[in-house]
Amino acid sequence: MKRIFYCLAGLVLFTACHHADPTLPIYGKRELVTKTVNGKSEEDTVYATIPAFSFVNQYGKTITDKDLDGKIYVTDFFFTSCPSICPGMQRNMLTVYNEFKTDPNVKILSHTIDPKHDTVAVLKQYADKLGLSGDSWWLLYGKKEDIYDIAEKHYLVSVDAQGNGGFIHQGWFVLVDKQKRIRGSYDGTDMKQVNQLVTDMHTLEKESGE
Amino acid sequence: MKIKLVLLLFAAGCIAIIITSCQSEGEQMYNRYYTTGTLLYRSHCENCHGVNGEGLNDLIPSFHDSVYLRKNLGNLPCFIKYGLKAQITVGNKTFTGQQMPAQGNLTSIEIAEVLTYVTNSFGNKIGLIDAPKVNNDLAKCDGE
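Listed in order, the protein sequences are those of chains A and B.
Position 185 of the first sequence, counted from 1, bears residue number 185 in this note's numbering, the numbering being contiguous throughout.
Position 104 of the second sequence, counted from 1, bears residue number 104 in this note's numbering, the numbering being contiguous throughout.
In isolation and in its complexed conformation, chain A is listed as follows:
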């Protein structure tokens, strides 16, 4: 009887100590392609990636997908006159910003969904009031159709020009890896999920960009 107990205790201890390095799932559509490598045909999975884009940040600088090569980033959608969920989201995103602001390989991209009101000058003023400095959190301005297109088709976040304050949008923080694949989405209004995001970002940063 005693022996069984020791065996069980040992087993519990063993499994408790086993910490595999976690890998984040890869989201989006995937395709199986057959390609020829060294004369042999091989099958490979191709994951959906964020396509090329070009927006302007609060400093008036053009930001494209190339600026994020080899970097991980978090993205969300907001507008400066938002009376509903944005302030809570920005407060939580500040936690992410403070954690990674000195890390050149991590960026935050917040797209305005109200470019009619949120010009580059308005975004700069908003960034100043939020206490942002440096080059790690970009507030992005772009053509409305480009922003809505990338939100819905690629970051899989729904935005709509209706609802409270004239717009309706979801408070997701979307995590993108070095190859521009979506690796997680988190409720930006929920601090617990945002803390998980920070943990996942540390995990993802260690992944190779190959």
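Hints listed in this document are in silico derivations from the structure and should not be mistaken for laboratory results.
All residues carry an ideal CB built from backbone N, CA and C; glycine is no exception.
Be aware that one or more of the hints could be misleading.
To be verified - Here are the simulated distance ranges between beta carbons:
no.	chain 1	residue 1	chain 2	residue 2	range
1	B	46	A	24	37 to 45 Å
2	B	46	A	26	32 to 40 Å
3	A	64	B	138	49 to 57 Å
4	B	94	A	44	53 to 61 Å
5	B	86	A	206	47 to 55 Å
Following the hints, position chain B against chain A.
Positioned in the frame of chain A, the structure of chain B alone reads:
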């Protein structure tokens, strides 16, 4: 002998309970306002002003400036009911541009409850703000 002691203790306990449960009517009213105000704060104010009334940097004012709250006590119901567009200075920070959205659906008593919560939390101690006072203040709001 033992029974006497038990009875004595029991009586003492009863007296203690009666004394502590005897809150004055004012205290009861304050507690009622404060408790309902807590719930209203959560659903109407917390998202912008924060769990601890901390605001958001230079975008949204905090509730930590007791002097401002006391000085502008009569205007606070108007800010809540009709929103706020004018520039204000709270705790050495000036707030412009962004506006506080009107909470027009709140009744006078709800405004009084949420104000009782705000002005007696986060280090503030202003006391009860009741519905008649809020009604009085609302009658004096300039414009909408």
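Against the structure, the hints:
Checked against the given bound of 37 to 45 Å, the beta carbons of residue 46 of chain B and residue 24 of chain A, roughly 31 Å apart, lie outside it. For the hinted restraint 32 to 40 Å between residue 46 of chain B and residue 26 of chain A, the CB-CB distance of approximately 35 Å keeps it satisfied. Between residue 64 of chain A and residue 138 of chain B the CB atoms are about 52 Å apart, so this pair conforms to the stated range of 49 to 57 Å. A hinted range of 53 to 61 Å for the beta carbons of residue 94 of chain B and residue 44 of chain A is consistent with their spacing of about 58 Å.
Roughly 50 Å separates the CB atoms of residue 86 of chain B and residue 206 of chain A, a value that falls within the hinted 47 to 55 Å.
Of the numbered hints given earlier, the model fails hint 1 alone.
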